[in-house]
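Protein sequence lines, in the order shown, are assigned to chains A and B. First residue of the first sequence: 159, per the numbering used here; consecutive thereafter. First residue of the second sequence: 33, per the numbering used here; consecutive thereafter.
Don't read these hints as lab results, they were simulated from the structure. Remember, it's a predicted structure, so these values are computed and weren't measured experimentally. Hints may be right or wrong, so weigh each one.
[As the list claims (entries may be wrong)] Cross-link-like lysine-lysine pairs, in silico, BS3-like; alpha carbons within 30 Å at most:
#	chain 1	residue 1	chain 2	residue 2
1	B	77	B	92
2	A	727	A	691
3	A	552	B	36
4	B	76	B	38
5	A	437	B	110
6	A	437	B	92
7	A	584	B	76
8	A	552	B	38
9	A	437	A	651
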Amino acid sequence: MCALSCNPRNVRMIVETGHYALVLALALAVAQFAIPFIGARLNDAGLMRVARPTAITQLLFVALSYGALTYAHVVSDFSLVNVIENSHSLKPFIYKISGVWGNHEGSMLLWVLVLSLCGALIAIFSNAMSDRLRADALAVQGLLGAAFLLFILQTSNPFARVAPAPWEGRDLNPILQDPGLAIHPPLLYLGYVGFSIVFSFAAAALIGGRIDAAWARVIRPWTLFAWIALTLGIAMGSYWAYYTLGWGGFWFWDPVENASLMPWIAGTALVHSAAVMEKREALKVWTIFLAILAFSLSLLGTFLVRSGVLTSVHAFASDPDRGVFILAILVFFIGGALALFALRASALPIGGLFSPISREGALVLNNLLLSACCATVVVGTLYPLALEAITGEKISVGAPFFNTVLIPIALPLALLMPIGQMLSWKRGDLAAALQRLRVAFVAGVLAAAAFGAWYGTPFLSIVTAGIAIYLVVGALSDLALRARGGSGRPSLKRLAGLPLSAFGTSFAHAGMGLTLLGLAATGWGVETIVAMKPLSFYDVGPFQIGVESVSPRQGPNYSEVYAVMAVRKDGATLATIEPAKRFYQARRMARSEAGIATLGLGQVYAAIGESHEDGTIDARLYWKPLVTLIWIGALIMAFGGALSLADRRLRIGVARRAAAPALEPAE
Amino acid sequence: MTRKGKRLTLIAGAMAVLGLAAGLMLFALRDNIVFFYTPSELAKKEVASGARLRIGGLVKEGSVVKNGQDVSFTVTDKTSDLAVSYTGLLPDLFREGQGVVVDGVLQAGGAFRADSVLAKHDERYMPRDVADALKKQGVWQGETK
């Protein structure tokens, strides 16, 4: 459309400007690394000051380049290979925008855009730290930017041309043409590239050799920021998989999903260990290590997804040159950071030790269990690749492996979470903490009994649901007890006076509990596969589902067959759902569109298959009780993180002793 | 507790947790992994019946028999064949002559009972496992990557 009406020369100019901006951004990234780094070594304030403006300018140039690519997609400039491969002039506008990152080149450009955004954020919000730490951190960020910009320009140029330009593009992979995917990758990248900030600060601290509680205060908000984005990104991605893949599953232990889970687990551990470091000056070496680990796992994830070593529903890359390049970047940064760590860690002052029964002791145990979870995911993800590379034997490691290993680690961790919240710093009283949790224990046991009576087996679901309720009640009773103060009545005034980070912890833990309850409830789901006759109703759990009509329909760039189904209970129609099967002409690909009705906290989910001449249609029908809690819990977790982030005391630049000591838990 | 005592507690705790995790992983890796074979590899391996496997190959032309929700078909890599039975919905692009990966259990008689069937995603793309298997057999017809 616009490709005909807009002046083609202007379009070409904009695209070339984008390409050129990318080259300039590379030059800026190199400058952002070299000049401040040398400045920090020479202790030259002038050279170190170069870091901030170059970081901000680098962001502007990458953004310009990204904007140019988006523009090419929007106006359907089919002289670009990237646009031909992934766009179509009839594709809806929103997918022209999201299609920019729905492919290898574009998503790498988004990756670098987020990376340079992180650099600019450091540059803007880093007043309260030494010039040297800031200069070194921005230098590391610049080096990261340079490596990935070089990668894009060398192996994955989104501005590559083809002549003559074809009239029409090949369209975007249909499973990616979905509103969920319009939000999921940016959030996910904000999360796992966000850990680059923490990585840069860890490397800067190691280079400078100064690591103290102030450093922990600097990284804590950035860790939280990345963690919140990653939590939301993972939740979004899992919901997207749930409704577009049509199998009713929300997590497949696919390596691409694991790629985002690994940094999330490491980031969760980091949020907790940074708290110990900030309050008690302990766990310094460990916190630095986790800061390096979180981003290293992000890089590993990028390698897995972008190198083409995997092929799955998510992976669209297949070019060995890229794989080797990313592997080199991976080895350089992870190896470099770990070498620096090995050289400097022994020279770091050893932090204070503490009693095992204390808040920090509980946080150490939390870190141990989280590390074990993280190691499990890493092994489960890499083992099949390593085995295939070494022996040629192909295996798949799926849910049975992860469930067997993770459940015995994660359930004790869930049991510990409220206990840790109840213990005070330095020296805790376990008996008193358990005493304070008695309401939560009773609630958990009663809930398990109630769920058992209502839904019945499997036993694991009953136990998990009980623990989940205990976790929610335990997290909230911490707030209630604090509102009560010493021994008096609970007062709203005292509750309002609690620091936001206390609410943050409770919300995050309660959210985890809700997610756990949603996961537990998967055991109580009902699934049936039936050939549905018109106007007859089929039992699915407590509901009856029947087909009212099956008809074809034409979408903008697809045609579909959709069924109108009524969901009934006791004769009353509760909802109407429209599962569909779409066929995308340009790619000659089919895709299911699930029909979902949310009833209470559960969902009725239907996906249709083939329709037959006699008017029947094959369908998968599910009743998934409490399933929405999985994502609601994740939203609440992220909300908890945001509350902590908003806590004034944790904001950079606020003096350490700003909070009144009375707000600390009673010791 | 003394400084040394505290440190020992910490180290012992860490070892216990990591030991537990390592043990669980080894246990799970022994029992919960699924091997991937092509029909001809399966014919050579002498796998015991009852084993969980993934099999990749092509759906043999003319082999698909549907009876309501029950489907039976043959997976072939053009050297060996394997009879597969399955109950449920087939994926959107399940066709004769096209690539397929089935998950399931090898039955006593040498037939395969699938509990999930994965087909390629579009008309150009084939699961990597299948493509590799076909290349290995020298019957790959698509573009070489």
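Worksheet item: Any of the earlier hints contradicted here, and which numbers?
Response: Numbers 3, 4, 5, 6, 7, 8 - these are the hints that the structure violates, sorted from lowest upward.
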